[in-house]
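Colleague: Could you put together the complete structure from these sequences and hints?
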Amino acid sequence: MASKTAYAPPPVIEPGHTFGTVTEQISAIVLTRRHPYSWFFGLGVGFMLAMVLLMSITWLLIKGTGIWGVNVPVGWGFAIINFVWWIGIGHAGTLISAILLLLKQDWRTSINRFAEAMTLFAVACAGIFPLIHTGRPWLAAYWLIPYPNTMGMWPQFRSPLIWDIFAVSTYLTVSLLFWYVGLVPDLATLRDRAKSIHLRRIYGGLALGWRGSARHWERYESAYLLLAGLSTPLVLSVHTVVSFDFAIGIIPGWHATIFPPYFVAGAVYAGFAMVLTLAIPLRVLYNLQDFLTMRHLENMAKVMLVTGLIVGYGYVMEAFFGWYSSNQYEEFMILNRMTGPYWPFYWALMFCNIFTPQFLWIKRVRTSPVLLFMIAMVVNVGMWLERFVIVVTSLHRDFLPSSWGMYWPTRWDWMTFAGTIGLFVTLFFLFIRVLPMISIFEMRTMVPGAKVKGGKAH
Amino acid sequence: MDLSAIRSRLAGSEGRLYWRSLGELADTQEFREYLHREFPGQASEWNDPKGRRQFLKLMSASLALAGVGACTKQPAEEIIPYVRQPEDMVPGRPLFFASAIPFGGVAQPVLVESHMGHPTKIEGNPQHPASLGATDTLTQAAILDLYDPDRAKTLTHRGEVRSWGAFLTDMQKALSGQKATQGSGLRFLTGSFTSPSLAELMASILRDYPQARWHQYDAIGRDGARMGAQQATGSAAAAVYHFDKAAVVVSLDADFLTCGPGSVRYQKDFASRRRVTDERKEMNRLYAIESTPSLTGAKADHRLVMKASDIEAFSRQLSGALGAAGAAREEGAAPPVASAPDAARFVAAVAKDLQAHRGASLVVAGEYQPASVHVLAHAMNQALGNVGSTVTYGGSIEVSPVDQAASIVDLVKAIDAGQVELLVILGGNPVYSAPADLRFSEKLSKVALAVYHGLHVDETAHQCHWNVADTHPLESWGDARAFDGTVTIIQPLIAPLYEGRSASEVLGVFTSQPDRRGYQVVKDYWARAFSGGAGWTIRDSGGAAFKDADTFWRRAVHDGFIAGTAIADGGPATPFTAAPRVTPATGEAVTETGAALGAVNTLANPTVARRDAGTVPSRPAAPGPGGRATVRAQSQLPRPTGEGNPPAAPSAAAPDAAPQPTQARAEGGLEIIFRPDPTIWDGSFANNGWLQELPKPLTKVTWDTCAWISPGLAAERGLQDGDVVEMKYRGNTARMPVFRVAGHPTESLTVFFGYGRRMAGRVGTAAKDAEPFNAYLLRTSDAPWFGNGLEIFKTGDRYLLATTQEHHLMEGRAPVRVATIDQYRNEPAVVREQVHSFPRTLTMYPDHTYEGHKWGMAIDLTSCTGCSACTIACVAENNIPVVGKDQVAAGREMHWIRVDHYFSGDINHPETYHQPVPCMQCENAPCELVCPVAATAHSSEGLNDMVYNRCVGTRYCSNNCPYKVRRFNFLLYQDWTTPSLEPMRNPDVTVRSRGVMEKCTYCVQRINQARIDAKRDGPAGRRIRDGEVVTACEAVCPSDAIVFGDLNDPESRVSKIKTQERNYGVLEELNTRPRTTYLAALRNPNPELERTAGHATTEH
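Sequence lines, in order, name chains A and B. Counting from 1, position 322 in the first sequence corresponds to residue 322 in the numbering used here; the numbering is continuous, with no gaps. Take any residue in the second sequence, note its place counting from 1, add 10000, and you have its number in the numbering used here.
Keep in mind that the hints are not guaranteed to be accurate.
[As the list claims (entries may be wrong)] Below 30 Å or equal to it, Euclidean Cα-Cα: the simulated DSS-like pairs (lysine-lysine) are:
no.: 1; chain 1: B; residue 1: Lys10885; chain 2: A; residue 2: Lys63
no.: 2; chain 1: B; residue 1: Lys10768; chain 2: A; residue 2: Lys63
no.: 3; chain 1: B; residue 1: Lys10446; chain 2: B; residue 2: Lys10413
no.: 4; chain 1: B; residue 1: Lys10446; chain 2: B; residue 2: Lys10768
no.: 5; chain 1: B; residue 1: Lys10854; chain 2: B; residue 2: Lys11015
no.: 6; chain 1: B; residue 1: Lys10245; chain 2: B; residue 2: Lys10281
Calculated from the structure, these hints are not laboratory results.
Modeller: Structure below.
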């Protein structure tokens, strides 16, 4: 705005902050005794929904997957849709932390902490589904995990479901480590600032004896960088592997080479939409406009726009190749998506994921938190619809017309889905209560003073 | 204990005495005391203060010791099975027994598989001419009826359990009252039956009580056929068709392939003329003129749709065109067929074709058409010289055939007149199924004493005073005749599960020997027959006489039938002769023949009988003892007296006199057509979950009935599938959801019997909202099968119909490939070229070579009629659970082999194809690749094996199966808790729990059994022979459409079939390389009617 002539990026942190104010403002959210009522309200809603999840899983284990809407031909329903959706959301955190770190996008520091937390919680929610979707999770643990056993049986490594297990569990492990390592200096800060002896002990334990010595910092930096390097391919691999769950199958609508890149782009798209969905209310709630500036929102909007366009390209290519293949099953599949019984889902998906994000070309929209929030919500819905369309409309009418059928979710499907949202919200509210949602020490490096002092010290 | 006292007690007891212990047998004082004290050892000690102390001490000591005892090792106990091994019984190996399941009184011959005394599976009796190894759906499902937990279990009087003795006493009392009036108040109501021994019992009763009356009523009766044959031949006769000799078949609304007692053999014969091999590229041709679409019509090369009431007009035209008797009187004036504008062209073409195949053609009239149509059909066959070749006539196998519609009217009138004092109802369920205008339920309550004998406590049972539980055919002795007359012995496979009595035991109560068991009744009868009684000539299959009665009996029971008793082989009409009376004084047997009883039970002249059955002068119907000479039909059929002059009978069949209500009652509105339900028949199978869940042909609806209407009528009335309509017909009202069926006549609506049961058991009892879905509510006694004047009103209610197939078009994908026989003969590649498939050389990998066996299956779609017997056979063989309506509606039926159904062509004149779909056992199986736990894997013989124990239930295999043949236990579908179902299960097949994927295994348990046999044969074993492994679906198939065998053996039947040019794999283009392949459906259209035949060939 002010710098129209000579371009300099707007600051990551609003002017007027010092090290002290940054530390004070962020850690106060955790260390204060009083907390806004809205927090209790949010946690309460989330917790209730999490109990719904508990109930629906219990019922599932008692009765079996028949309580859901799945059937033959549609053997996968909400469980897989929600799994892919949550995994997609879980992409943004690590992407922000790792790839943007490697690309030296310093604006990421304001959002990486809670984006990573979001990743972890989203992956936790996602992880529930493959476990419960067989209705007998104890067996999944018994047979699916490779370990030397007296039966002489290994899993069947040609199945993409086995690849999933490795991909998702690796991703979860590395993301957790990455997040935790990044938390260590801040945990030390909290330890130092906490007034209660119990809190000091807890945070102290978690801080692993961090003293902030130069050696600590040096090792920390290299560990963090290494983890970032490790996570970067994972961001790409997880959703690639998840897309193989479909692409390996021979079902028209699944069996497509475009799936890996298109899924990864979709995941980033969904992830950023979720970060925006969380960030916009948070900055108002906790007065964090200084740290989560308009620049952050706008950058995230731009990432969404780009990935949204890639996803849109994917949709167009899917339709194009449906026609270009002149394979009658592919042709029928795409026609059935557009005009079959699930047409509202397909066109809603197009509306949400292709049409709506085009507003992000307009700067006024990108800089309006309210509009951004609305667009992010629409994209969240759109990405869920995408998974619904891929899973259900491909399966419900495949090769033999005699076996065509329909899939409609039952109340238990909805309850399980809502339950994972509840779990996510619960975990997130707990997180913002007990851990600094913005990286304190990294924000300190954003204070103008840090730059002057540091010079080219790195 | 005094042994001699015990012996004398035993000798004094009647029947078999069961005792719990020797103590009870001796009936000592100590034992009585023992029985009456709850805790015989310690009870009194508890009340005695001194003893109580002692008792507590002992108790604490024993508790303490129990803890110590837990540390000791239990002594090893050996279990010794069968100290003396029963002959032939090898644990783990089943035994097979020949028996029969009567259906509508007619024997369906079976071989029953029995595992350690439990019958588990029914197969056809391969030696019996009515089966040749095949069975139909209803017979297959009989095994579940046996174990049905809702069966009537014991004898009750007004709902209270009574002893057999109490029943006998009550009956004796009632009978002694009847003695005075010669039984004028005694009435029997049964369905029709063919059992010679039952016939004798009934004849004896009627001899002893000359004024007693026997009424017969079958809800799904064959009055039309019965009276048609009677009018055509002048005596009670039955027509037996020989489809194996017919090159051209015309069906006049006849569903001979799937309905009626002879359908199994008819399907076999029909298929044998239709099967195309490389050597013989000839097919028979079937014209179906029909109203309600049937499976026979679906098989037809040409199908002409018209109202049911127009069939007669068409028959008359065709008959006229053939110059046959019957139509001649009004030649040129035959009424036009209003509902089928195409009829004239059709008549000309069909007549020409029939004339070209004189002696090798066949006109079959429908079971549900009136006698007049049957008469016309018989006349046409006569004119075409078919009698004696494709159709033969013989004495009736039914015992004393009567006009049943008149018979039940008669009974009701008698009740009204207060003439019925004791009514004995054997089987059937008249309160539910009698014509609505008779108000049978009301009438029944007026009867002073009503006895009901049935398998279930049903609607009728609730209104009768005495309820005698019936025994299932698999647990009782009996006999019955098959459709062709072959006498078939019914032997029990298991002792009665409940306190049931067979029909012969119940009838026996009314004879002079009330306590004979079923075994004695049957054996005595045939012992007498062996020595020439009742007109039977007993010879073995070679034609030689048996050594003695015992050899004969053993042979008959072993084979399940008595050779040479078929009508065509000289078997007599079923004798209706009383047993020789044993006069107490002299012990001399006095024989009285059935002729004396003729006045009582007659086949009344139908034209008059309909109006007033009570007053008809009637003639004796029961034919005398038939010999060889009287049987051949040619000799019985009256010769035409002159050109165009009909034989005696058809004059009675003129339309004005015929019992044809539709003309008289033409009051506008729609035509209503009644049909038995294809799976639960008249409603008596309503509590059979297998049949309820079997998709009904053409609609694939399960668990419910629906009224069929044409798409045109649906559009006109704004009706969708599942819209409930209210039907008003002759003052009666019923409701039913409608279903659109392509090829249904536009002016008609078809309703099916069997639903809306109020008391049928846990499976069959209708929900409150489905109670009015009862077609019997509309049926009147004067128009049993169709009538005009139906009004329908849309109610606005919707009813969920659970179908297993929602889409009935092929969408240009050609899962069923079709060609005409001419196309195939001229260019055999026509089938292969219908779908573009890729050469196998595209793959980089070499073929896997199978060293031993390599199993495969071929299914001939030209033969398959879509009867679904394979589905039920598979359910019985493989312990497949019933899932229930809501689960079917959710798309979770468990059938391992389904019968897909496709329409093609014009919606009003569709072609219909059926395709049984088991697992394809793909060589490149998409399911195997994606299973994360290797729960489905390729076997060394090429099967896709399912390892249930390893399955975790990801359902990925099902998603990836292009044929969608995999089935998943979404819930716990197996009934683990009902004890009566436990012995029913096949012990060779795992009972799957929830969360497990399952699918067709090619009956791997049968393969393994054959392998064990082959290995044990000789020192080095041998290869499994072709035909040694027969899958359940192959065994049951009445059309022999399914063939299974070793593809590594070039001489096996399946290998040879697969070399035919019309062999193809479904979805071959996916490179799944299915093991199960299909032989294309060939049709044989008449070139003259090509226009209507053109749809199929252009469609694909």
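Colleague: Work down the list of hints and note, for each, if the structure agrees.
Modeller: Here is what the structure says about each hint:
no. : hint                    : in the structure
1   : Lys10885/B / Lys63/A    : holds, 18 Å
2   : Lys10768/B / Lys63/A    : holds, 27 Å
3   : Lys10446/B / Lys10413/B : holds, 12 Å
4   : Lys10446/B / Lys10768/B : holds, 28 Å
5   : Lys10854/B / Lys11015/B : holds, 17 Å
6   : Lys10245/B / Lys10281/B : holds, 16 Å
Going through the hint list in order, the structure satisfies each hint without exception.
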